[in-house]
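*Asks:* Sequence:
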Amino acid sequence: RGLYRSIFLSIMEGEESFEQFSPEVRIKDPSSRDAASLLPPIKLFHGTSDYSIPSDA
Numbered sequence: 521r522g523l524y525r526s527i528f529l530s531i532m533e534g535e536e537s538f539e540q541f542s543p544e545v546r547i548k549d550p551s552s553r554d555a556a557s558l559l560p561p562i563k564l565f566h567g568t569s570d571y572s573i574p575s576d577a
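In terms of our numbering, the sequence shown opens at residue 521 and continues consecutively.
Simulated from the structure, these hints should not be mistaken for lab results. We put the CB at the ideal spot given by N, CA and C, even for glycine. Among the hints, a few may not be true.
Across the chosen pairs, the derived CB separations fall in these ranges [claimed, not checked]:
id : residue 1 : residue 2 : range
1  : Asp554    : Tyr524    : 34 to 40 Å
2  : Asp570    : Glu539    : 28 to 34 Å
3  : Asp570    : Pro550    : 30 to 36 Å
4  : Leu559    : Tyr524    : 19 to 25 Å
5  : Phe528    : Phe565    : 15 to 21 Å
6  : Ser551    : Tyr571    : 30 to 36 Å
7  : Ser552    : Ile527    : 25 to 31 Å
8  : Gly534    : Pro560    : 29 to 35 Å
9  : Pro574    : Pro550    : 26 to 32 Å
10 : Val545    : Asp570    : 18 to 24 Å
11 : Glu539    : Pro561    : 21 to 27 Å
Only pairs whose alpha carbons sit at most 20 Å apart, straight line, appear in this in silico EDC-like list of lysine to aspartate or glutamate [to be verified]:
id : residue 1 : residue 2
12 : Lys563    : Asp576
13 : Lys563    : Glu544
14 : Lys548    : Glu536
Sequences are here, hints too, so could you generate the full structure?
*Replies:* Take a look at the structure:
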């Protein structure tokens, strides 16, 4: 089912923090590129029962 949106927003310190904590946004930041190249390949599996974020996101 995932987290209730109000709890999720509380953990993330509000919607305005989404980009700050988003791995996708962080990896696109030029200052992170050198560090990102050191990471191993990462695969993310996401089921369809978690409604916090759509599985096709």
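*Asks:* Run the distance test for Lys563 versus Glu544: straight-line Cα separation, threshold 20 Å.
*Replies:* OK: Lys563 and Glu544 at ~13 Å, within 20 Å.
*Asks:* Within 30 to 36 Å: is that where the Cβ-Cβ distance between Asp570 and Pro550 falls?
*Replies:* This hint holds: roughly 32 Å between Cβ atoms.
*Asks:* Range hint 21 to 27 Å: satisfied by the CB atoms of Glu539 and Pro561?
*Replies:* Once the Cβ atoms are compared, 24 Å apart, the range 21 to 27 Å for Pro561 and Glu539 holds.
*Asks:* Would the hint linking Lys548 and Glu536 be met if the CA-CA limit is 20 Å?
*Replies:* holds, 18 Å
*Asks:* Would you check the hint for Lys563 and Asp576, treating anything up to 20 Å between C-alpha atoms as holding?
*Replies:* holds, 14 Å
*Asks:* Is the hinted range of 26 to 32 Å satisfied by the C-beta distance from Pro574 to Pro550?
*Replies:* With Cβ atoms ~29 Å apart, the hint holds.
*Asks:* Determine whether the Cβ-Cβ distance between Ser552 and Ile527 falls within the hinted range of 25 to 31 Å.
*Replies:* holds, 28 Å
*Asks:* With respect to the beta-carbon atoms only, verify the hint that Ser551 and Tyr571 lie 30 to 36 Å apart.
*Replies:* About 34 Å separates the Cβ atoms of Ser551 and Tyr571, which means 30 to 36 Å holds.
*Asks:* Do the Cβ positions of Gly534 and Pro560 conform to the proposed distance bound of 29 to 35 Å?
*Replies:* Between Gly534 and Pro560, where Cβ atoms are some 32 Å apart, the hint holds.
*Asks:* I want to verify a distance hint. Is the separation of the beta carbons of Asp554 and Tyr524 within 34 to 40 Å?
*Replies:* Given about 38 Å between the Cβ atoms, the range holds.
*Asks:* If you check the beta carbons of Phe528 and Phe565, does the distance land in 15 to 21 Å?
*Replies:* holds, 19 Å
*Asks:* Quick check on a hinted range of 19 to 25 Å for Leu559 and Tyr524, using CB atoms only.
*Replies:* Roughly 31 Å apart at Cβ, these two residues miss the hinted range, so it is violated.
Going down the numbered hints, you'll see the structure goes against 2, 4, while the others check out.
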